[in-house]
Every structure is written in C-alpha cells, then in structure tokens.
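S.K.: Same order as they appear, the protein sequences are chains A and P. So for the first sequence, my numbering puts the first residue at 7; every next one is plus one. So for the second sequence, my numbering puts the first residue at 2; every next one is plus one.
Hints are not guaranteed to be accurate.
Far from chain A by the CB rule (all over 12 Å, computed), these chain P residues [said to hold, decoys possible]:
hint : residue
1    : I141
2    : G142
3    : S144
4    : L225
Which bits of chain A does chain P cover? Going by a derived footprint, with three or more residues having C-beta under 8 Å, they are [claimed, not checked]:
hint : region
5    : 66 to 73
6    : 78 to 92
7    : 108 to 120
8    : 212 to 220
If you're looking for bench data, these hints aren't it; they were derived computationally from the structure. Backbone N, C-alpha and C fix where the C-beta goes; we use that ideal spot for every residue, glycine too.
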Amino acid sequence: MDWSWLPEYLPRFGEGLWLTIQLLVYAIVIGMTLAIPIGLAQVTGPRPLAWLAKAFCTVIRGTPLLIQLWLIYYGVGSLFPSIPGIRESFLWPVLRDAFPYAVLAFSLSVAGYEGEILRGAFRGVPKGELEAARAVGMSRFQVLRRVWLPRALQNSFPTLTGEFILTLKATPLAATITIFEVYGVGSIVRQETYKIYEPLLFVAAIYLCLAGILVLGFRYLENRIPQPSRS
Amino acid sequence: MENALELLALSPPGWGGNLLRGLWNTFLIAFGAYILGLALGLFGAFGKIYGGPVLRGVLTTYTTLIRAIPELVLILLLYYLGTDLLNIALTSMGFERMDISGLWAGIYVIGFVQGAYSTEVLRGAFHAVPYGQIEAARAIGMSSFKAHTRVILPAMIPFALPGLANLWLIATKETALLAVVGFSELALLTKQAAGATKAYFLFYVAAAVLYLMLSLTSQGLFSLIERYYRRGQPQQG
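Using the sequences and the hints given, assemble the complete structure.
M.R.: Written as structure tokens, this is what we have:
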C-alpha cells in the first residue's frame, strides 16, 4: 500500500465531498417536497391524479437509477440544443452544466421511492384522529398540516432515514455524467496514479464515515421525535 | 417516428437485437447473482444465529460494510480483488493467468453484495418462525437437521418472500452498474447504441421500458409465488 499520493489529492477530495453533500441535500429536500403530494395524491387524490402518481412511482422504482440519470442527462440534454435561440438565453449556462441534471434525476428518484413510503404512512394514520381534527373545526388544509402530515412523517421516519442512506450510496452514479464528487475524484486518482486499491479504499472509507454520521444524526433526531405511547 | 422504428429494428443496422441481447445478459447476471446471494445469505443467516463469536463477528463485519459502502465502489473493489486473488492462486498452482469472463465476474460481484442483504432478510425470517413450532418438531423426535429442512426452512419462506422479491428487483437494477466496469449488459449496450446513432433519448427510453417490463413481470411472478406459499395462513388486513 502506497499512500504518498494522498496529500496532493486531498484538496480535490474536499471539493468532491462538498459536491456529494450538496447533491444529497438537494436531492432529499426537493425529493421530499415532491414526495408529499405524490404520496397524498395516491391516498385521497381524484382518480386520474392518483393513477398518475402511482404510475410515476412504478416507473421510478422499476428502472435503474443509472438509466434515469443517463436518460435525463444524455437523452433530455441532447434535445435542448435543437431548440432555436436557446444558446443565447439566460438558461443556457444552467442547461450546459451537468449538476442540475444530476439534482433533477436524484430528486425524482427520491420522490418516487419516498412517495411510495409516504402513501403507506398517510394511509396508516388512524381515521379517528383525522375525524377528531375535523370535528374540532380545523379546515382540511389545517388537518393536513397539523395532524395528518406530522403523524405520517413520525411513523415513517425510520424507513425514510434508511432510504436517505441509500440515496447517499447512489450519489457516486453522478460521476458517470462528469460530476467529480468523492467517487469521481477517486477515479481521477486511479487514472493518474495507476493505483487500484488505495483510492477505492479511501473513497469507501469516506462513504463509511458519511453513512455513519448520517445514521447517528438521524438516530438523534428520531429520539427527539415524541413517540405516542404504544399499547 | 419511422426513423425510430428503423433504429430499433431487430436486425442490423437496427439496434433492437443488441438491446434484447443486453436484456438477456442482464437477466442471466441478475439470476446467477441472486442464487449466489441466496446461498451466501443462507450460510450467513445460520452463521449469525448458531455461529460462535468469531464467525458472528466476521459476518457482522461483512453485512455492515457491504450495506454501508456504495455499490459502485464495491463492484470495482470486488472485481479487482477477485481477479487478483484468482490469478495469484492460479499462478501459485502453476496455471496460466486468466481473465474472468464478464458474465461470471458480474455474477460474483453482484452476488457477493446481494449475500449481505439476503443474510439480513433470512435472519429476520428465521426469528419470525414461532418458537413453538421448532420445539414441537424437536419434541416429536426430529433431529436438528430434519427439523430445519422439514419445519423451519419451509416456515421461513412466507416471511422471507417479500424481502427476497425486493432483493431480486434490486439485483436486476444493480446489474446496470456493471456498465461502468464494462460488461456488455443492457445499460452498456444502450449507451453504445445511443452513442453510435446520436439518438440518445430514444435508446434510453427504450432501455427504461425494457427494465420496467422485467421489473413488472418479476413483480407479478413473485406475487403468485407469495400467494402459493401463504395458502393456509390466516389472511391479513
């Protein structure tokens, strides 16, 4: 084992780590924002909307994330230049960069998987609680904001945090569309130093630490969520 | 539209045949890896349940590490480690160095990863079997081995099936990652077809449809199997 390359590449790993964290946070925040209406639509939405949400979850969960990523970056991305005048528009710098495509792909993936989990969670909230909330005079939106959503998130929190770890483990896929996050930097090291194991082990160790920190953080949050006494 | 059909035609110059061959490779790798994963999982689960502290420690390290490190990193690590170890073993025994074919390497790599998840699924299923059934089997005089093959394993199946069905779906999707290492399964062949024809959107959509069909068919089959194994059990919900 030869680690003499490490000091030279450490700053780039720092940049890569920052990209990984950005990607993860964007994906989770945007994905969850989408997942809530997707889950809700499947439980109470009108028939076409529920069907649409269900189809979205099935497609996202039934195809590999790598294909979704490539479809969005290479597929959709290759359609944009054919739109006349787009190269001059203010959108072009965003459309040319790979990062927004990765954020979009990962967010949609989170939305699909978590939407399915939230569907179960929304359905699992006892009806009596919702009726009680209506009975004390809350509007439907107030019921959702004060009772239904908090209860659903509370019940599904452990499952959701497990899914977020899976999202972290999927972020290296972004390296295949030229985003040099931690794994991508590791690939650069492998190409430039002709070493196989050291960079991979180093990358693995970084992900191990990240996963560990996330698990501890989520456990701390989970303990702070008040649990209803279980009978 | 006509152009799209031409590109997807089954015989060259269309790329449809290539995609289907990729799908078949994907299926083969996923199937082999799934079986290997189940074997490893069975060993791992019973090792965790009955093993001594050393075996348990090794297995816990295995399942924890595999489940915490990204699959892409694992695939590369296992691929290089596997070929290196194999070649060291071969050369020390006086054989020639050899390259493992893509299919077997893919099966070994994904199977090794699947094994960690199978271990946890099967271990959970074992603990879900009511203990009275195991005691009853022993009480009527079955040997420990017989109690396992006749009572415990069959009783584990309904509990393990949902998890195992999920693992199969994960296996089919995980094979796509092998494209990064250069195995010619569906994802890589799609990338090649898209690169050669510049019809990126068309081919990635086609690949997504093929993967989706594989997933949906598998889901249907698994729900049939599950219904079969749940016969005679009280209906839930």
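S.K.: Each of the hints needs a verdict: does it hold here or not?
M.R.: Checked hints:
No beta-carbon of chain A comes within 12 Å of the beta-carbon of I141 (chain P); the shortest separation is about 37 Å. Annotated as non-interface, G142 (chain P) keeps its C-beta farther than 12 Å from every C-beta of chain A; the closest such distance is 40 Å. No Cβ of chain A approaches the Cβ of S144 (chain P) within 12 Å, the least distance being about 39 Å, so the stated non-interface status holds. Residue placement check: L225 (chain P) keeps its beta carbon more than 12 Å from all beta carbons of chain A (closest about 18 Å).
Counting residues of the region 66 to 73 of chain A whose CB lies closer than 8 Å to any CB of chain P gives 7, which reaches the minimum of 3, so the coverage claim holds. Only residues whose beta carbon comes within less than 8 Å of a beta carbon in chain P count, and the region 78 to 92 of chain A has 6; three or more means the coverage holds. Coverage of a stretch by a chain is defined here by at least three residues with a beta carbon nearer than 8 Å to that chain's beta carbons; for the region 108 to 120 of chain A and chain P the count is 0, and the condition is violated. Beta-carbon proximity to chain P at under 8 Å applies to 4 residues in the region 212 to 220 of chain A; the threshold of 3 is reached and the given coverage holds.
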